Amino acid sequence: MTINLLLQNIANGLSLGSLYSLIAIGYTMVYGILRLINFAHGEIFMLAPYFLYFGVLIFHLPWWASAIVAIGLTAFTGMLSERIAYKPLRDAPRISALISAIGVSFFLQNLSIVVFSGIPKSVHRPAFFTKIFQFGEIRIQSTLFASIGVSIIFLSLLIYIIYQTKTGLAMRAISRDIETSRLMGVGVNRAISVTFIIGSALAAVGGILWSLRFPQIVPTMGIIPGLKAFIAAVVGGIGSIPGAMLGGFILGMSEILFVTFFPAMSGYRDAFVFFILIIILLLKPDGILGTKVQEKV
Amino acid sequence: MRKYLFILVLAGAILLLGSVALAQDVVKFGAAEPMTGAMAVGGELCWRGYELALEQTPTVLGKKIELILVDNKSEKVDAANAVSRLIERDGVVAVFVSYGSGMAIPGGEVANKAGIPLISGTATNPLVTQGKEYVFRACFIDPFQGQVMAQYAYETLGFRKSALLVDIAQDYSVGLANFYKRTFEQLGGEIVSDTKYNTGDQDFSAQLSQIIASGAEALFFPGYFGDVALIAIQGRELGFTGQYLGGDTLHNPVLVDLAKEAAEGLIASTFFAEDQPATPESEKFAKLFREKYNLAPDAVSILCYDSFNLLVDAIERANSFDPVAIKDALAATKDFQGAGGSITIDENGDAIKPAVLVKIVNGDYKYEATVYP
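Residue numbers (the numbering used here), protein chains in the order written: chain A, 1 to 297; chain B, 1001 to 1373.
Since the hints were made in silico from the structure, they are not lab data.
Source: prediction; values computed, not measured.
One thing to keep in mind: the hints can contain errors.
[Unchecked claim] Just so you have them, the derived chain B footprint on chain A, three or more residues with Cβ under 8 angstroms: (1) 2-12; (2) 177-187; (3) 266-276.
For each residue, glycine too, the CB sits at the ideal point set by N, CA and C.
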């Protein structure tokens, strides 16, 4: 192995990891506040590039405008899914909401197959996103810089919302104890809706960046990234936003480095990733940056 | 009063008889294809072929053909269940399981046990028909295809170092890559990188970086075109300048649409080239297909179209709907003029037909060469 190959693969790992972490943040936010694993996150992620695609194709919007509309529509779909499928189950056992989330996931995925058809669609990439930056023999896609930039912007925005606004305060209160917050007059429904809007908007941004990096959209495209992001969130410590980002990078990097060192075993890439998950959870059941939740008696 | 009752009973009886007669006028064919799941695209393409064939030939031996479609969800177990459902519940006289060798193998197992003929349009893995009297196919098999591509890469294109990127989840891809590897090495070439992935993977950067570092002159990637489109794009982005080579799944206009300029120059072995019609049927098919779908014909649609007609032809020659008679007629098929070339069925139930190589030039598949078995 040459040093160039290693450096190239580190760049590849960062590029993949940055996308995983964007998606993982949405997972972790919803979990942190509602203790709900939103399995439909991967499907929300998949809808955004489709909205973008049709915005350009049917409504002839300029690319950037279509992207904004797509993020808005996706965020709305995320909020709607919460209102319809999770809100009525808020007081039911946690497993019911989980099953409902799986239902939403299958529903959105199969609806998309019917509506958008199963044939993959090509993604139009603005000139900036097809650009390759070359450092010596290392080639880096511009999406890497875009996704890291977007992650930093959204992360600061998120920290601002959570720690500086009233809605953020409500979110933090709900994450501690939903019943008590409600009794104290916190606008629980509104705060939860905002959580879903932010989480889904992040999934939408992730989905659009993903489709620019891997320019092909298909209704099943959200399954594996969704699962990987979920793992990233768990590895980093579910509920923790910096943890989700860290988890995303660890996951992306370990996937790529596994193939780098064992190219003949590249087919076992996913098996290796899930193996890492098991090891980390055995050593640190709450994830790397997770905190132990005290059960109230 | 009694008279009216009599008329009513009579009318009822006639209606009943009529409907029985109507039921007898229908003959059922079954199709178990992947309409959802990872291979939904293939199922959709294939269905277009059946649909077009049914429009052209709506009846056989004076009976109306009813084609029943069951989704096999791109899953092996569901494929077996779909075929038994078609045979037991719907009472079909023959079944098609065309797309994906992985589904055609278990489907064929079930049909063979039940003694119902099964035709696969595009499953090229040798195991599909092996040891199964009732299973046939309209395409050539992977050993032939892999050999053709390896020979072409080594002898005609003069490559000595080739890389492989194989979809380990697909029997098709694994089989084809093995046959390519065997021939390429026998000829004296070297496989410098043998990497793998799983259907539906989207990031191939690590494998491709490895392939580029290995100094391969050609990359053989016999996967499904959706995955391959992403590989082709990422390969060029990472700086791979070698030749792309693939099998019949890559003869699909959707691939060009997805990969755009990254697919330029890709060479694939397939069953027909639109600019070099093999039979008068090929021209007719291309014209009808363009009229109905406003798309360039693809290899999957054409083979599914041929499988349908192959069955109709066998039923006509057998002059019966008896499964055993249909099976015997299918086995005796000789020089059948299909849209995807002339078909003769060999003793294994496989089609003997030449391979056509096509190359993507300016976004279109252009005829490159014909290789006879």
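- Message: Just to make sure I understand the rule, a stretch counts as covered if three or more of its residues have a C-beta closer than 8 angstroms to a C-beta of the chain. Does the region 266-276 of chain A meet that for chain B?
- Response: Holds: 4 residues of the region 266-276 of chain A have a Cβ under 8 angstroms from chain B.
- Do three or more residues of the region 2-12 of chain A come closer than 8 angstroms to chain B, measuring C-beta to C-beta? holds (count 6)
- Task: Examine the region 177-187 of chain A: at least three residues should have C-beta closer than 8 angstroms to a C-beta of chain B.
- Result: Violated - the region 177-187 of chain A has 0 residues with a Cβ nearer than 8 angstroms to chain B, which falls short of three.
Consistency with the previously given hints fails for number 2 only.
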